[in-house]
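Taking the hints into account, I'd like the entire structure generated from these sequences.
In case it helps, the numbering used here puts the sequence shown at residues 473 to 591.
Mixed in with the good hints there might be a few duds.
Stated by the list, open to error - For lysine to any residue, the following SDA-like pairs were computed, each having C-alpha atoms within a straight-line distance of at most 25 Å:
1. Lys569 - Thr555
2. Lys569 - Gly495
3. Lys569 - Ile587
4. Lys569 - Ser483
5. Lys569 - Ile475
6. Lys569 - Ala486
7. Lys569 - Gly494
8. Lys569 - Ala500
9. Lys569 - Ala540
10. Lys569 - Gly556
If you're looking for bench data, these hints aren't it; they were derived computationally from the structure.
Predicted model, so just to flag it, every value in this text is computed and none were measured.
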Amino acid sequence: MFISLKTAADSDAAQGAEVSGGGYARVAVPSALANWAGTQGAGSTTVSSGSSGTTSNNNAITFPAPSASWGQVVGFGVHDSLTGGVELFYAALGTPKTINNGDPAPSFPAGALTIQVDN
473 MFISLKTAAD
483 SDAAQGAEVS
493 GGGYARVAVP
503 SALANWAGTQ
513 GAGSTTVSSG
523 SSGTTSNNNA
533 ITFPAPSASW
543 GQVVGFGVHD
553 SLTGGVELFY
563 AALGTPKTIN
573 NGDPAPSFPA
583 GALTIQVDN
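Printed below as a string of structure tokens:
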């Protein structure tokens with residue numbers, strides 16, 4: 473899976489705009505228990521046994537440092553390829569974040585990116 477940052481929210485009709493330029497690239501996070509928690513709880517690395525339908529990142533997800541302004545990031549996407557491809561999930565950030573040239577590399581700490589699939 474590949475994680476993206478979005479400068480415009482997705483809608484039912486279309487995907488929102490993704491950050492572009494300035495050193496931006498999606499981050500690869502392979503679909504493995506070392507990277508994504510099992511449904512029994514955050515940080516777990518064993519096969520899912522919970523019924524919550526929720527997973528979260530087990531490690532920090534860090535993007536490249538911006539070499540130009542990326543604008544205001546309002547959400548993230550989960551995709552099946554490094555570029556283009558299919559967006560599998562989208563979620564809004566709790567608080568949008570403006571990312572400027574020279575800022576530290578944006579990162580989701582372990583456990584901060586949560587995805588839930590309704591059962």
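Going through the hints against the structure:
Only pairs whose Cα atoms come within 25 Å are accepted, and Lys569 paired with Thr555 is accepted, the gap being roughly 23 Å. Restraint check for Lys569 and Gly495: satisfied, since their Cα atoms lie roughly 17 Å apart, inside the 25 Å limit. Distance hint between Lys569 and Ile587 is fulfilled; the C-alpha atoms sit about 20 Å from each other, no more than 25 Å. For the suggested pair Lys569 and Ser483, the alpha carbons sit about 20 Å apart, so the restraint of at most 25 Å is met.
Restraint check for Lys569 and Ile475: satisfied, since their Cα atoms lie roughly 16 Å apart, inside the 25 Å limit. Under the criterion of a C-alpha separation no larger than 25 Å, the hint pairing Lys569 with Ala486 is consistent with the structure, at around 22 Å. Taking the CA atoms of Lys569 and Gly494, the gap is about 16 Å. The hint holds against a cut of 25 Å. With a C-alpha separation of about 21 Å, the suggested pair Lys569 and Ala500 falls inside the 25 Å cut-off, and the hint holds.
The hinted pair formed by Lys569 and Ala540 meets the criterion: a straight-line CA distance of about 15 Å does not exceed 25 Å. The suggested pairing of Lys569 with Gly556 holds, with an alpha-carbon distance near 24 Å, which does not exceed 25 Å.
The structure meets every hint from the earlier list without exception.
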